[in-house]
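Asks: Sequential numbering from 1 applies to the sequence shown in our numbering.
Check before you lean on any hint, since a few could be wrong.
To be verified - Keeping only pairs whose Cα atoms sit at most 30 Å apart, straight-line, the calculated DSSO-like set for lysine-lysine is:
1) Lys-38 / Lys-152
2) Lys-84 / Lys-207
3) Lys-152 / Lys-300
4) Lys-84 / Lys-136
5) Lys-192 / Lys-163
6) Lys-29 / Lys-186
7) Lys-152 / Lys-34
8) Lys-300 / Lys-207
9) Lys-25 / Lys-186
10) Lys-295 / Lys-330
11) Lys-25 / Lys-300
12) Lys-87 / Lys-136
13) Lys-25 / Lys-152
14) Lys-25 / Lys-330
15) Lys-300 / Lys-136
16) Lys-207 / Lys-192
17) Lys-29 / Lys-360
18) Lys-120 / Lys-25
Said to hold, decoys possible - What follows is a set of in silico ranges between Cβ atoms, one per label pair, in the way DEER data are often shown:
19) Asp-37 / Ile-161: 28 to 34 Å
20) Ala-59 / Glu-324: 23 to 29 Å
21) Gly-195 / Gly-85: 36 to 42 Å
22) Asn-302 / Ser-351: 19 to 25 Å
23) Asn-285 / Val-325: 14 to 20 Å
24) Gly-257 / His-204: 28 to 34 Å
25) Val-173 / Val-325: 40 to 46 Å
26) Glu-324 / Arg-353: 51 to 57 Å
To be clear, the hints were calculated from the coordinates, so they are not data collected in a lab. C-beta: ideal position from N, C-alpha, C; glycine also.
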Amino acid sequence: MELKDDKNKEVEEEQVVNPWEVSAKDGGKIDYDKLIDKFGCQRLDESLIQRVQRLTNRAPHVFLRRGVFFAHRDFNDILDSYEKGEKFYLYTGRGPSSEALHLGHLIPFMFTKYLQDAFKVPLVIQLTDDEKCMWKNLSVEESQRLARENAKDIIACGFDISKTFIFSDFDYVGGAFYKNMVRVAKCVTYNKVVGIFGFTGEDHIGKVSFPPVQAVPSFPSSFPHIFGNENIRCLIPCAIDQDPYFRMTRDVAPRIGYHKPALIESSFFPALQGENGKMSASDPNSAIYVTDSAKEIKNKINRYAFSGGRDSIELHRKYGANLEVDIPFKYLGFFLDDDAELEHIREEYGSGRMLTGEIKKRLVEVLTDLVERHRRARAAVTDEMVDAFMAVRPLPNMFN
1 MELKDDKNKE VEEEQVVNPW EVSAKDGGKI DYDKLIDKFG CQRLDESLIQ RVQRLTNRAP
61 HVFLRRGVFF AHRDFNDILD SYEKGEKFYL YTGRGPSSEA LHLGHLIPFM FTKYLQDAFK
121 VPLVIQLTDD EKCMWKNLSV EESQRLAREN AKDIIACGFD ISKTFIFSDF DYVGGAFYKN
181 MVRVAKCVTY NKVVGIFGFT GEDHIGKVSF PPVQAVPSFP SSFPHIFGNE NIRCLIPCAI
241 DQDPYFRMTR DVAPRIGYHK PALIESSFFP ALQGENGKMS ASDPNSAIYV TDSAKEIKNK
301 INRYAFSGGR DSIELHRKYG ANLEVDIPFK YLGFFLDDDA ELEHIREEYG SGRMLTGEIK
361 KRLVEVLTDL VERHRRARAA VTDEMVDAFM AVRPLPNMFN
């Protein structure tokens, strides 16, 4: 059984990781080893990464090389199928709760873009505007508007329109998709969904009924205009806080005739103030947004990025920086592609030869370039392009 009651209450108290809350006891770091043990997923090891390189004939993405995507469920089965010439598709999503995305939001899309290009497979992207309407107390109309705005940022990541279908729940749910929702809902008891998601008697029934909506894009028959009757496998790149949805989905899938979806899961992108969870869209100074100007990026990094440098230059030269807590170094681990330069910074900053101001300056350069490239790409996305990506249509060249 994929589903199991959370028996480790000690871990439960130490850290909370679910789709709506990520926190560690006393503001500490998330313990990903304990999370893997609690959720029952597997470490993404070097042998799998090397296998990806061999099968795709391209270098592994920086997020693979550096362990940003660190856990999986049945990713090895996806690679087995691919090696045999069998097809699979990608599924990821976004809950549109804010006007602009921050860098943490970009990570799954940057990685999914790499997977689409490397494996040459189709992709469905779900915009859960209904979820945010229910959880964030947004109006239906505002949720729909934010979904379209977020779609522009997603398209700006460079997805191939001939292989990509973006859909809003408010616009698309119905027909074959809704039939699969009902099939899933019949297989999951109220007690089970409370055990997985922690719903209480104070939660409205919209929240309790939502999990099947996020589950069924895992099944190809939810998209008959794309996959017809083909029962092909699905791979879901996501942050590990989304795992509860897909533990539920994987338990149900064989009972209704589908493959269990495979997952490849990332750690959280830390807030500027420290690695105690993930960035929050509700605190603008905890995050770098794709709408931030070069001046704003510089100001946020210099003022708010938690430093592992020492209290004085003398102490820093003597002991070096604490790289375990240094946010500028951690951010470079995500976004500085050059392995040799990152290793050089590790040695220089960790030994005290490089100062905090110098590593922050390099980070400002890297992030300013990233955000500016994204801003230019987004500015080129028109409403007509959004309509084209979201049109319900076949994708005849999706595996070419």
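Asks: A separate judgement is required for each hint: does it hold in the structure or not?
Replies: Status of the hints after comparison with the structure:
1. Simply put, Lys-38 and Lys-152 have alpha-carbon atoms about 36 Å apart, too far for the 30 Å limit, and the pair is violated.
2. Taking the CA atoms of Lys-84 and Lys-207, the gap is about 40 Å. The hint is violated against a cut of 30 Å.
3. A C-alpha spacing of about 25 Å is found between Lys-152 and Lys-300, which places the hinted pair at or below 30 Å, so the restraint holds.
4. Taking the CA atoms of Lys-84 and Lys-136, the gap is near 44 Å; set against the 30 Å cutoff, the hint is violated.
5. In summary, the hint linking Lys-192 to Lys-163 is not supported, as the alpha carbons are separated by about 36 Å, beyond the 30 Å threshold.
6. For the hint linking Lys-29 to Lys-186, the alpha-carbon distance of about 38 Å lies beyond 30 Å, and the restraint is violated.
7. For the suggested pair Lys-152 and Lys-34, the alpha carbons sit about 36 Å apart, so the restraint of at most 30 Å is broken.
8. Taking the CA atoms of Lys-300 and Lys-207, the gap is near 35 Å; set against the 30 Å cutoff, the hint is violated.
9. With a C-alpha separation of about 36 Å, the suggested pair Lys-25 and Lys-186 falls outside the 30 Å cut-off, and the hint is violated.
10. Taking the CA atoms of Lys-295 and Lys-330, the gap is near 21 Å; set against the 30 Å cutoff, the hint holds.
11. The suggested pairing of Lys-25 with Lys-300 holds, with an alpha-carbon distance near 26 Å, which does not exceed 30 Å.
12. Simply put, Lys-87 and Lys-136 have alpha-carbon atoms about 37 Å apart, too far for the 30 Å limit, and the pair is violated.
13. Restraint check for Lys-25 and Lys-152: not satisfied, since their Cα atoms lie roughly 37 Å apart, outside the 30 Å limit.
14. In summary, the hint linking Lys-25 to Lys-330 is supported, as the alpha carbons are separated by about 21 Å, within the 30 Å threshold.
15. Straight-line distance between C-alpha atoms of Lys-300 and Lys-136 comes to about 26 Å, which keeps the hinted pair within the 30 Å bound.
16. This hinted pair checks out: Lys-207 and Lys-192 have alpha carbons roughly 14 Å apart, not beyond 30 Å.
17. Of the pairs offered as hints, the one joining Lys-29 and Lys-360 holds, with about 22 Å between alpha carbons and a cut-off of 30 Å not exceeded.
18. Our distance criterion of 30 Å between C-alpha atoms is broken by Lys-120 and Lys-25, whose separation comes to about 42 Å.
19. In this structure the supplied range 28 to 34 Å is violated for Asp-37 paired with Ile-161, their Cβ-Cβ distance being about 41 Å.
20. The hinted window of 23 to 29 Å between Ala-59 and Glu-324 holds, with their beta carbons roughly 27 Å apart.
21. Between Gly-195 and Gly-85, the C-beta spacing of about 40 Å keeps the proposed range 36 to 42 Å intact.
22. Here the CB-CB span from Asn-302 to Ser-351 is close to 23 Å, well matched to the stated 19 to 25 Å.
23. With their beta carbons about 18 Å apart, Asn-285 and Val-325 fall inside the hinted range of 14 to 20 Å.
24. A hinted range of 28 to 34 Å for the beta carbons of Gly-257 and His-204 is consistent with their spacing of about 32 Å.
25. Range check, Val-173 to Val-325: about 44 Å between beta-carbon atoms, so the 40 to 46 Å window is met.
26. Checked against the given bound of 51 to 57 Å, the beta carbons of Glu-324 and Arg-353, roughly 18 Å apart, lie outside it.
The structure fails hints 1, 2, 4, 5, 6, 7, 8, 9, 12, 13, 18, 19 and 26 (numbered hints given earlier, in ascending order).
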